[in-house]
Structure formats: C-alpha cells, structure tokens
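2 protein chains.
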Amino acid sequence: MHQGIGFIQDLAVVMALAGVVTVLFHRLKQPVVLGYIAAGVIIGPYTPPFQLIHDEQTIQTLGELGVVFLMFSLGLEFSLRKLFQVGATAIVAALSEIVLMLWIGYEIGRAFGWATMDSLFLGAILAISSTTIIVKALSDLGVKREPFAQLVFGILIVEDILGIAMLVLLGGIAQTGELSPGIALITLGKLLLFMLVSLLAGILIVPRVLGYIARVGNDEMLLVSVLGFCFGFCLLVVKLDYSIALGAFLIGAVMAESRHLHRIEHLVAPLRDAFSAIFFVTIGLMLNPLVLVDYAWPIAVISIAVVLGKLVSCGLGTFLAGRDGRTAMRVGMTVSQIGEFSFIIASLGLTLKVTSGFLYPIAVTVSAITTLTTPYLIRIADPLSQRLARAMPPAVSNVFGMYSQWLRCLVPRSDGPTIFSLTKRIVVQIAVNLALVSAIFIGVSYGARYAAPLLAHWIGDERIQRVVLWSAALVLAMPFLVAVWRKTQSLALLLAEVSVQPEKAGRFTRAIRHVIAELVPVVSMFGVFLLVAALSGTILPPTGFLVGVLVCAAALTMLLWRWCVKIHASMQIALRETFDERPDA
Amino acid sequence: MHQGIGFIQDLAVVMALAGVVTVLFHRLKQPVVLGYIAAGVIIGPYTPPFQLIHDEQTIQTLGELGVVFLMFSLGLEFSLRKLFQVGATAIVAALSEIVLMLWIGYEIGRAFGWATMDSLFLGAILAISSTTIIVKALSDLGVKREPFAQLVFGILIVEDILGIAMLVLLGGIAQTGELSPGIALITLGKLLLFMLVSLLAGILIVPRVLGYIARVGNDEMLLVSVLGFCFGFCLLVVKLDYSIALGAFLIGAVMAESRHLHRIEHLVAPLRDAFSAIFFVTIGLMLNPLVLVDYAWPIAVISIAVVLGKLVSCGLGTFLAGRDGRTAMRVGMTVSQIGEFSFIIASLGLTLKVTSGFLYPIAVTVSAITTLTTPYLIRIADPLSQRLARAMPPAVSNVFGMYSQWLRCLVPRSDGPTIFSLTKRIVVQIAVNLALVSAIFIGVSYGARYAAPLLAHWIGDERIQRVVLWSAALVLAMPFLVAVWRKTQSLALLLAEVSVQPEKAGRFTRAIRHVIAELVPVVSMFGVFLLVAALSGTILPPTGFLVGVLVCAAALTMLLWRWCVKIHASMQIALRETFDERPDA
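Sequence lines, in order, name chains A and B. Here UniProt numbering is used: position 231 in the first sequence is 231, and no number is missing along the way. Here UniProt numbering is used: position 344 in the second sequence is 344, and no number is missing along the way.
Think of the hints as simulated: they come from the structure by calculation, not from any bench. Hints may be right or wrong, so weigh each one.
Same chains, same names: a pair is fine if it fits in one copy or spans any two.
Unchecked claim - Here are the simulated EDC-like pairs of lysine to aspartate or glutamate, each with C-alpha atoms no more than 16 Å apart in a straight line: (1) K136 / D219; (2) K136 / E220; (3) K190 / D241; (4) K144 / E77; (5) K136 / D294; (6) K136 / D580; (7) K136 / D55; (8) K566 / E220; (9) K566 / E77; (10) K424 / E77.
Please read all numbers here as calculations on a predicted model, not as lab measurements.
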C-alpha cells in the first residue's frame with residue numbers, strides 16, 4: 001500500500017491544485033487548460049521551492065489515460081453524418097491549413113538552424129488546431145450555433161483524421177529516418193483501409209451490443225461495457241503498431257453512431273474531465289521555464305506564424321471552397337491556435353527520441369499564447385473583414401466576386417446528376433466491398449504468422465497449410481466478392497448504355513452493349529484476383545493448388561449464391577439502419 | 001510511453017474482461033461484483049494458461065483509487081440526518097452485530113489453530129456487512145423503500161463508522177502487537193475528535209465553496225473541485241497516519257450536506273463504477289484457487305458462521321432495541337454477508353504484513369458464498385418468522401411480548417422531557433465546543449514541530465516561542481471558550497434551579513442557588529484549563545510566562561467578548577443552515 005500511498009499523495013497534490021486553479025482561472029475568465037498547465041509547472045521538478053511529485057512516472061501514465069479519454073470524446077463528437085454535411089468546404093480548408101502550416105513550421109525550424117526531424121515535428125505541431133479551446137471559446141462567446149461554427153467543427157473533424165494520419169506517418173519517418181513516397185502511400189493506404197474496416201465492422205457490431213446493454217442494464221453496466229470496448233479496441237490497435245490515440249478516436253467515432261450516444265457522453269464526461277486535467281498538468285510538469293527564456297525569440301516568431309499562417313491558409317481555403325469573405329475571416333480567426341493534438345505530437349517525438357528537448361516546451365508555450373489570443377481574434381474577425389472590404393481596391397473585390405460566381409456555375413444542374421450520381425454510388429459501393437475483401441486477405445495473411453504453428457500440428461505440408469488459410473480467407477470474403485461482381489455488372493450495363501450510342505453504333509448497338517456488359521465484369525474480377533493475390537502473397541498457394549481452390553470456390557459460389565446475396569444485403573441494411581438512427585435526447 | 005503502453009494493455013485486459021463479465025453476470029442474474037472477482041482470478045497469476053497482466057503494481061494502484069471512490073460514495077450516502085432518524089435501534093443492532101462477530105471470528109480462528117493476529121483480523125473481516133451487496137439485493141427484490149430497509153441502511157451507516165474505528169485500532173494493534181485499553185481509548189478518542197472536527201469544519205466550509213462553484217461553473221469545474229477536496233483531504237488524513245479510506249469517507253459525508261449532492265453523486269458515479277470494477281478485479285488477481293482447496297473446511301465453517309452469527313446478533317439487537325420479531329428477522333437476514341469492507345481490512349493485514357497469506361482468499365471466498373445466499377435469505381425471512389411464531393411455545397412468546405411492553409413504558413412521558421432535553425442540549429453544545437478547543441490545542445501542538453524551526457529565525461528563546469504558539473492557540477480557541485463559559489453558566493443556573501428545592505433550603509434557597517450558579521462555571525473553567533494544559537503539554541509556557549499570558553488573555557477576552565459571541569453565533573447559524581438545507585432534486 002505504501003507505493004499506493006505515495007501515488008495517491010501525488011494525485012492528491014495534482015487534483016487539489018487543479019481544483020484551486022479551475023476556480024481561479026474561471027474567475028480570471030481564462031481557459032482552465034492554461035491553469036492546469038500552470039499548476040503543472042508549479043509542482044513540477046524545474047521550479048523551486050518544492051518537488052511535490054514523488055512518482056512522476058505514474059502521474060504520466062494517468063495523463064496518458066487522459067489522452068485516451070480526450071481522443072475517445074473527440075471520436076464521440078465526430079460524426080460521419082456531420083462530415084457529409086459540411087463535406088467539401090471543410091476538406092479543402094483543413095487540407096490547405098495543414099499543408100501550409102506543415103511547410104511554414106518546417107521552414108521556420110530550418111531558418112533557426114534546427115535539425116530536419118525537429119523542423120518536421122514543428123510543422124506537424126503547428127498543423128492541427130485545438131478542438132477543446134475552440135469549443136470553449138465559441139460557447140463562451142455564444143456563437144456555437146452559427147453556420148461558421150458548424151463549418152469550423154467540420155474542419156476540426158477533417159483535421160482530426162488528417163492529424164491521425166500524420167501521427168502514423170511521423171512514427172514511420174521517425175523510425176526509418178526518411179519518407180519515401182511509396183512507403184508513405186502504402187502506410188496511408190493501410191491506415192485508410194484499417195479505419196474503413198474498423199468503422200464498418202464497429203458500426204455493425206458495437207451500437208447493437210450497447211443498445212442491448214442499455215436496454216437491460218444500468219449505468220454501471222453500460223459504462224463498464226463502453227470502457228471495455230474502448231480499451232479492448234485500443235489494445236488491438238496498439239498490437240497493430242498504431243497509436244492508442246487512433247484507437248480511442250475510432251472507437252469513439254463508432255459509438256457516435258449509437259442511439260445511446262448522449263447517455264454514453266454523459267457517463268464518460270467525468271472520466272474525461274478528471275483525466276484530461278491530469279494530462280494537462282503533466283504537460284506543465286515537463287515544462288522547464290528556463291528553456292522558455294532561452295527560446296523567447298523562436299517562441300515569438302512561431303506564435304505569430306501560427307496566428308497569421310492559420311488565418312491565411314484556413315481562411316483562404318474556406319473562401320476558395322466557395323464561402324463568402326466574412327465567413328472565411330471568422331473561420332480563419334477561430335482556428336488560429338494549437339492545442340492538445342500538438343502536445344500529443346510533441347510527446348510522440350520525445351518518446352521516440354527523435355526530437356530535441358526544447359521542442360516540447362516551445363509547443364506548450366506557443367499553445368498557451370495562441371490560446372489566450374483566440375477569443376480576442378474571434379471577436380475582431382467581423383470588424384476586420386468589414387474594414388478590409390471597405391479598404392479593398394474595386395479591381396480586387398471584382399476578381400473575388402467573379403470567382404464566387406464561377407464557382408456557383410460549377411455545381412451540376414438539377415437535370416444532370418441522375419446518371420452521374422448513380423455511377424458514383426455504384427463505384428463507392430464497389431470500392432467499399434473491395435476494401436473489405438482486401439482487409440480480409442491482409443488480415444488472414446497477418447494472422448497466418450500466429451495460425452501457422454497451430455496448423456502445423458494437424459497439417460505437416462506447408463503448401464496445404466497455405467491452401468487452408470487462403471481458402472478460409474476466400475470463403476470469408478465471398479459475400480463481398482459476390483457483391484463486387486453484382487455491382488460491377490450493374491456498372492457495366494450502365495457504361496454500355498451510356499457509352500454506346502445508337503447513332504454511332506447503328507445495328508451493332510445491342511451486340512456491342514452486350515459484349516461490354518459481359519466483358520467488363522469478367523475483366524474486373526480478374527483484376528480483383530490479381531489484387532487479392534498481391535495482397536495475400538505470403539499465403540498464396542502454389543499454382544496447381546491455386547487452380548484447384550479457385551475451381552472449388554467457383555462451385556461453392558454457385559451453390560451459395562443466394563445465401564451470399566442475402567447475407568450481404570442484411571449487413572447493408574443493418575449498417576444503414578444504424579446510420580439512420582438518431583441518438584436519443 | 002512504453003511503460004504507459006504496457007499499463008494500458010493491462011487496463012485494456014481488465015476493462016474488456018470486466019465489460020464481458022458485467023453483461024454475462026447480469027444475464028445469469030448474479031451480482032456483478034462476483035463476476036469482477038472471477039475475471040480477476042482468470043487473468044491473475046495463479047491460473048493458467050496466460051499471465052495476462054504485466055504490471056500488477058499499477059493495476060493495484062488503480063484498484064486503490066477504486067477504494068477511495070467507493071468510500072467517498074459511501075460517505076455521500078451517509079447522512080447525519082438519516083442517522084438521527086433511525087438512531088438508537090441502528091446503534092444497538094450494529095454494535096451487537098460487530099461485537100458478536102468479532103468474537104465469533106476470533107474464536108473460529110483460534111479453534112483452527114491460527115495465529116492471534118490472523119484470528120483477530122478474521123473477526124474484523126466478519127464484522128462488517130456489505131453496503132454494495134445489500135443495496136443491490138434490496139433494490140432487485142423491490143423492497144428498498146420498506147421500513148425495515150431504512151433500518152438496515154441506518155445499521156450500515158453505524159457499521160461504516162465503527163468499521164473505520166476498527167481499521168484505525170487494527171492498524172495500531174498491528175504495529176504495536178498488542179492492545180492496551182488505555183491506548184485503545186486514546187486512539188478512539190483522537191479518532192472521534194478528528195472526525196467531529198473534520199465534519200464540523202468541513203460542513204462549515206465545503207458545501208459553501210461547492211455551492212459557489214456549482215453556481216458559477218460547469219460540470220467539469222465542479223467535478224475537479226470535488227476531486228480536489230476529496231484527494232486534498234485524503235492527503236491530510238494520510239499525513240495524520242489515518243487510512244485513506246477514512247479520509248474519503250469523511251469528506252464524502254461532508255459533501256453529503258451540500259445542496260448539490262445529487263449533481264456530485266452523478267459526476268462521481270462513473271469514476272466510482274470504473275475504478276471499483278478495477279478494485280474488485282484486483283481482489284480476484286490476489287486469489288489463488290489452490291488455497292481455497294486447502295482451506296475448504298474453514299471456508300465452509302466461516303460462511304455458516306457469518307450467516308447464522310449475523311442473523312442472530314443483528315436480529316437480536318434489532319429486537320432488543322424494540323422492533324417486532326418479523327422486522328428483526330428481515331434485518332438479520334439482510335445483513336448476513338461480508339463484502340468490500342472485509343476486503344479492505346484483509347488487504348490492510350496483508351500490506352502491514354501481520355496476517356498470513358491464506359486469510360485474504362478465505363475472506364473473498366466467504367464473501368462470494370454469502371453474497372450468493374443473501375437474496376434467498378431475504379426472501380425466506382418472512383415465511384421463516386411466521387413458522388417460528390407458530391412453533392414457539394406460548395411461555396416464550398409471552399416473555400417476548402412483556403419485554404416489548406416494558407420497553408414502551410421506558411420512553412419518557414410527554415410532560416417530563418422539557419428540563420431533561422434542555423440539559424441534554426446544553427451538555428452536547430458544551431461537549432462540541434470543548435472538542436473544538438481541544439482540537440485547536442492539539443493541532444497547534446502538532447503543528448509546532450514544523451512551526452518551531454521557522455519561528456526560530458525571529459525568536460531565539462525557546463520559552464518565548466512557546467508563549468507565542470500557546471497564545472495563538474488560545475486566541476483561536478477564544479470564541480469556543482467563551483461559548484463554553486456561557487453554556488456552563490446556563491447549565492449552572494438550570495442545575496441550581498432544579499437541585500435546590502425551596503422546601504429543603506428554606507430561606508437560603510436564593511443564596512445557595514446564587515453560589516452554585518456562580519461557582520460551577522468557575523470550577524468548570526479551571527477544569528477546562530487543566531484539560532487544555534494537559535493536551536498542549538509540549539507547547540505550554542513555563543509558569544511565570546503562563547500567568548502573564550493568562551492575564552493578557554483575560555483582558556483580551558473582556559475586550560473582544562461581544563465579537564467572540566457574535567462569531568460563534570454566526571458559525572452556529574451557518575452550520576444549522578447547511579444542515580437544514582435539503583439537496584436539490
């Protein structure tokens with residue numbers, strides 16, 4: 001118990017101080033996050049008179065629990081539905097923000113003569129804005145429900161996804177020391193595949209299970225199950241060498257589709273609040289105020305770069321995506337800070353031992369400064385855009401006006417989209433099913449490492465082992481392969497109809513259309529086979545066996561055709577049902 | 001981060017398994033606590049095939065957080081108001097249960113030839129029933145609102161207090177190896193004083209602060225402040241060498257008087273549920289199933305002893321306190337199990353290294369068995385008491401009937417109690433104020449160890465240091481001393497009025513009454529001075545200085561008399577206000 005007592009003493013110091021600070025900073029009308037960080041500095045090892053924390057390691061561990069709960073809550077607020085609504089604008093704005101800030105950060109680092117890896121991490125640190133701070137600032141100013149705020153939330157969602165991709169890529173770069181485009185593409189592809197499959201499988205399973213538990217059980221059962229899912233999935237994600245932040249975010253996004261979302265949010269909020277307080281305090285613990293004095297100059301430059309860079313990049317992105325200048329200005333001002341994601345990236349660099357020690361305190365200080373300025377910037381956005389509009393030369397404002405008009409012309413007219421949207425939908429469905437097929441084969445190949453020794457007990461021949469594994473994957477993938485085949489047929493029919501015009505093909509019209517409609521699916525399935533073979537290289541049976549397996553599979557497919565169609569349809573229906581369900585109030 | 005990942009893996013295993021188990025045990029209609037313990041056994045080090053936990057120490061630490069939150073929640077449910085309502089009956093029943101079970105447990109241990117300390121801890125383990133299990137069982141059976149259930153809750157509250165006293169005493173015995181009645185009395189006296197002062201001071205301060213925070217802040221602020229108070233107070237308690245469980249319980253009891261009790265309960269519930277799940281899993285972790293086989297015989301005996309012993313002791317206590325036989329039977333059946341408090345006591349023995357390794361698994365198994373039987377026992381209570389009533393010989397039932405009647409005669413008649421209740425009230429007020437005075441002098445004596453080195457900078461003479469410290473304590477205690485003086489005066493007047501009858505004293509009546517009324521307070525204050533001097537021995541100034549201090553104090557008291565009366569009155573009013581406030585719905 002004595003180790004425990006020491007730990008509880010530490011926790012007591014942290015929580016007691018956090019309690020004082022939260023009241024104090026609320027009175028000072030400053031974000032409480034800053035207060036937590038200040039509390040961390042006070043009790044931290046770098047400031048006299050007391051070293052109040054005995055077992056920093058355990059507190060750090062609890063802080064990591066804070067990251068899990070923070071990312072999980074972000075996931076809960078993430079909503080595929082909301083993302084589809086703000087869609088294109090949010091993606092354009094977030095992309096332009098991230099790319100520009102990555103570049104600015106990298107260039108600043110190089111200009112100060114820092115190492116490549118430090119500069120790269122600085123870029124990543126500056127790229128993502130802080131959801132926590134923004135939500136707080138917008139609700140303090142009472143503008144949370146305005147349209148520009150909705151757009152900002154969309155941008156934050158896209159940023160979260162891109163940020164997670166960045167975390168994965170940075171981890172890869174840090175380990176190999178370089179970024180080849182090929183590896184980056186494979187990494188991102190794998191990540192995308194993993195996210196897609198987890199979301200689909202998760203949304204099929206988790207909301208149903210939680211619905212059952214919420215119906216029969218009490219709050220305690222629901223909470224423990226939610227935490228069980230959350231940590232269980234995090235465990236899986238960590239085993240696959242992704243970050244725990246990704247896992248928490250994804251499982252949160254899955255639960256966001258549950259009918260009981262609000263109840264879950266309610267139950268998880270105290271855990272998030274308690275542990276994120278600890279997380280922010282641990283950030284302060286790592287902060288050495290002396291470093292800040294040494295690096296006052298970079299800190300000033302970077303803070304200005306964050307505010308101006310985000311304003312320009314995100315504002316411009318918003319404008320280019322077709323919103324008016326006032327909205328663009330407000331969006332740009334709102335996202336002009338860095339926060340929790342930056343801390344996560346900075347601590348990734350530290351734990352991977354690829355960044356210098358000064359980067360972390362700089363990130364924290366810049367975050368503190370830009371957090372302080374955020375509410376003022378949001379408030380001056382409107383006056384500023386009015387003044388700008390008045391001061392702008394007529395020629396420039398004409399160009400802007402024409403751009404907006406041109407953009408509106410680009411939107412497809414109402415009589416056009418039937419065939420276009422139909423095609424788009426079929427292509428998306430084929431892509432999703434293909435992704436699932438790929439995931440199954442990759443998954444089985446990955447699992448083969450563990451399954452092979454077990455199989456070896458029964459099957460001595462290594463080739464037969466492969467046949468068994470590959471066949472298993474094939475059977476699992478069958479409903480999705482059948483779906484791909486059927487969708488490709490529809491697509492081919494559509495293509496044949498559209499591409500072969502009677503005016504040109506004359507009396508061959510029907511024949512050519514028939515050939516296209518028959519040939520395209522066959523060719524496509526051959527392509528699918530090549531893809532699958534490439535993905536499952538390690539368990540692909542030798543050619544002779546392969547032909548045998550394929551023939552058997554073809555026979556089995558004929559036999560089970562209706563069953564495959566049925567099972568796929570019911571999965572699709574289940575997924576749509578979950579999506580269409582609104583969370584209970 | 002890698003230590004963190006390992007820890008999060010452990011946590012993931014614990015939470016994922018807890019999630020599965022909670023659903024499973026709910027379907028099996030068994031208490032989920034048993035499921036958590038079973039989950040702990042499965043992932044624990046004693047059961048093959050896997051050793052799933054890497055860093056048992058950290059999980060244990062989190063389990064201790066579970067104890068904190070459990071005891072804090074118990075405190076929140078503790079209510080001085082409720083305790084006053086069920087009062088005497090609950091105290092008699094709980095006392096008779098604890099004393100008898102302590103004795104039975106000790107005797108069983110001796111009969112099996114165990115060491116004295118093991119036997120003593122066994123007695124303590126068997127003494128306290130499980131609030132968690134009882135609340136669950138009663139609400140499952142739908143009898144939570146019946147009068148006997150209210151009585152059971154009262155008993156549980158008294159048990160909690162006595163259990164905490166037992167924890168303190170056991171800790172003392174374990175360290176010194178023996179229990180001298182004098183030391184036990186002093187220990188209990190100190191504990192009582194500490195509890196009284198913490199409750200009074202806490203109820204004066206904490207609900208007010210929380211009320212302010214709840215008014216101006218959001219849930220996050222309130223939660224962090226509540227946790228700040230909770231852990232801060234736990235820190236203080238631990239520094240005073242009491243257990244953290246006591247601290248959590250007391251601060252919970254203080255917050256139970258807050259208007260925002262329900263909001264606080266709501267915010268803390270997820271933390272309690274999550275961490276108590278971990279706590280129960282860690283109990284399973286420590287359980288070696290092989291020990292259970294070796295100790296099957298003691299386990300059977302102890303389980304039967306728990307059920308029969310508690311039924312008889314608590315039932316008889318209830319009956320002796322004046323309830324009817326049916327209620328007594330139901331109460332006895334309801335409390336017939338052991339639970340979380342027993343685990344806390346058992347792990348105290350383990351961490352103090354005074355008990356043998358087998359005691360813990362025995363406690364857990366007996367708890368599991370008696371938890372399983374509890375719902376059935378509650379259900380058969382009524383049929384059994386009917387059958388007993390029919391089977392009882394008329395002579396016996398006559399005796400019982402006469403006892404009940406006699407008890408009802410004991411209750412004071414309606415015209416009697418005015419002077420009695422007035423006297424009682426004044427005595428209680430004097431006692432409380434004396435307790436506060438004592439606490440101040442003890443506190444300053446205790447604090448002198450830390451203050452003396454600081455004072456030494458300014459004051460060289462050790463005697464002057466004492467004068468300063470003792471005077472400070474005196475000034476602090478002044479309002480309470482004045483109150484003691486004034487209450488003693490009233491008491492003396494009352495005494496003079498009652499004890500000196502004109503029939504006997506004749507024409508001296510007035511004079512004698514006057515002498516008594518004047519003399520009693522002076523004598524009492526001299527007694528108070530002796531008490532204070534004894535308590536503050538280490539900082540008592542030498543006689544010459546002491547006289548000087550007392551003379552100055554007397555002068556100061558005259559000067560500040562009205563102010564002292566005013567401040568005491570406003571504290572009393574504030575306290576009463578907080579007590580009278582009902583928590584918001």
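Exercise. Tell me, which hint numbers fail for this structure?
Worked result: 5, 6, 7, 8, 9 and 10
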